[in-house]
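> Next come the chains, spelled out residue by residue.
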Amino acid sequence: MFSISELVEKANLKVLVEGDTLEKEITGCYCGDLLSWVMSRAKSGDAWITVMGNINCVAVALLADVACIILSEDAVLDDDAKLKAEAQGITILSTDKTTYDTACIINTFGV
Amino acid sequence: MSNSVKLHYDVSGEDFTRAGEASGNIKKVLKEIGCDADLIRNVSIATYEAEINMVIHANGGVVDVDIFPDHIDIVLADQGPGIKDVELAMKEGYSTAPDNVRSLGFGAGMGLPNIKKYADEMKIETEVGVGTTIRLKFYIK
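In order, the protein sequences belong to chains A and B. Residue 101 in our numbering is what sits at position 101 of the first sequence, and the numbering runs on without skipping anything. Numbers given in our numbering equal positions in the second sequence, counted from 1, plus 1000.
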C-alpha cells in the first residue's frame, strides 16, 4: 500500500484539489469513464483514472469511496466540479500521461 | 416501527449538478450513526443511481428513507413516463438515455442493474404515463 502523496511524487502528478488528506492510502486502481460502470466496478480505496472532469464524477468518487480521481491526458476539470470536490474533501490529481501509462506507474507500487 | 430515523429529500429534475445531494446526505447520516462502511457504500451507490434515473427520465421525484435498527428502507418515487419493459430495463447495457446525458458519462445501461446489485431487496412498481416507485431494502448485519 502507498499514499496519494507518494503517487503524486513518483508519477509527477499535479494536485488540482487536495481534498481531506494526501496521506490516504491507495489500495488499487480502476480506469473508466462511464460513471455507472465505474460505480459498479471500482473498489473502495482505488485510484480512479478517467478523462471525465464534470461534477458528477465528484459525486461518484464520494459515493464509491475511491481514494482519489486522476484526470489523465490533461483532461479539464470543470469549475463547479472543483468547487464541489473542495467542499466534499475529494482529492483530484492530473497528468499529461495517458490512462494506460498512469495505470502502469500505479502498477509498479504492486497494487 | 416508531423508533426509526426518517429522512426525506426532493430530487430536482432540472439539473445534473445537484444530482447526488440526497445520496450524499444519506451517506453522511449513515456515517454519523456508525453504520458499516460496506453498507454505506451499497446504500450510497444504489440511491445515487436511482437519483440519476429520476433526473434523466422523470423530471425529479422524492426519496424517503427509514432507518431501523436491523434494516434500512428506501422508497424512490417519481411521476415520470414509467418503464415500458422492466425486464429489458434491468439488462446491463440497455439504455434509453439521450445523447446529452451520455456525454456526461451516464446512460451506460447500468443504473437499474447496479441498484439491484447493491440493494438486498428491490421492487419496482411502474405504470406508463403515471410514474415509477422503487422500493429498496438493506439489511444491517
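If you are wondering where the hints come from, they were derived from the structure by calculation, not from laboratory data. Just to be clear, a hint being listed does not mean it is correct.
[Said to hold, decoys possible] Covered by chain B, per the in silico footprint, the following chain A stretches (three or more residues, Cβ under 8 Å):
id, stretch
1, 18 to 28
2, 61 to 73
[Stated by the list, open to error] With a cut-off of at most 20 Å between alpha-carbon atoms, the simulated PhoX-like pairs for lysine-lysine come out as follows:
id, chain 1, residue 1, chain 2, residue 2
3, A, Lys43, B, Lys1123
4, A, Lys10, A, Lys24
5, A, Lys24, A, Lys14
6, B, Lys1006, B, Lys1028
7, B, Lys1137, B, Lys1006
8, A, Lys97, A, Lys10
9, B, Lys1123, A, Lys24
10, B, Lys1091, B, Lys1141
11, B, Lys1028, B, Lys1123
12, B, Lys1123, B, Lys1137
13, A, Lys24, B, Lys1137
14, A, Lys43, B, Lys1006
These numbers come from a predicted model, not from an experiment. All residues carry an ideal CB built from backbone N, CA and C; glycine is no exception.
> Does each hint fit the structure? Answer for all of them.
Results of checking the hints against the structure:
With 0 residues having a Cβ less than 8 Å from any Cβ of chain B, the stretch 18 to 28 of chain A misses the three-residue criterion, and the hint is violated. For the stretch 61 to 73 of chain A, the stated coverage by chain B holds: 4 residues have a C-beta nearer than 8 Å to a C-beta of that chain, and at least 3 were required. Taking the CA atoms of Lys43 (chain A) and Lys1123 (chain B), the gap is near 26 Å; set against the 20 Å cutoff, the hint is violated. Between Lys10 (chain A) and Lys24 (chain A), the direct Cα distance comes to roughly 16 Å. Compliance with the 20 Å bound is thereby established for this hinted pair.
At roughly 16 Å between alpha-carbon atoms, Lys24 (chain A) and Lys14 (chain A) fall within 20 Å of each other, so this suggested pair holds. Distance hint between Lys1006 (chain B) and Lys1028 (chain B) is fulfilled; the C-alpha atoms sit about 14 Å from each other, no more than 20 Å. For a cut-off of 20 Å, the pair hint linking Lys1137 (chain B) to Lys1006 (chain B) stands: about 14 Å separates their Cα positions. A C-alpha spacing of about 13 Å is found between Lys97 (chain A) and Lys10 (chain A), which places the hinted pair at or below 20 Å, so the restraint holds.
This hinted pair does not check out: Lys1123 (chain B) and Lys24 (chain A) have alpha carbons roughly 37 Å apart, beyond 20 Å. Using a Cα cut-off of 20 Å, the hinted pair Lys1091 (chain B) and Lys1141 (chain B) is violated, with the two alpha carbons roughly 29 Å apart. Between Lys1028 (chain B) and Lys1123 (chain B) the CA atoms are separated by roughly 25 Å; this puts the pair beyond 20 Å, and the hint is violated. Distance hint between Lys1123 (chain B) and Lys1137 (chain B) is fulfilled; the C-alpha atoms sit about 9 Å from each other, no more than 20 Å.
For the given pair, Lys24 (chain A) sits about 31 Å from Lys1137 (chain B) by alpha-carbon distance, which is inconsistent with the 20 Å threshold. Distance check on the hinted pair: Lys43 (chain A) and Lys1006 (chain B) sit about 29 Å apart at the alpha-carbon level, beyond 20 Å; violated.
When the structure is compared with the earlier hints, violations turn up for hints 1, 3, 9, 10, 11, 13 and 14 and for no others.
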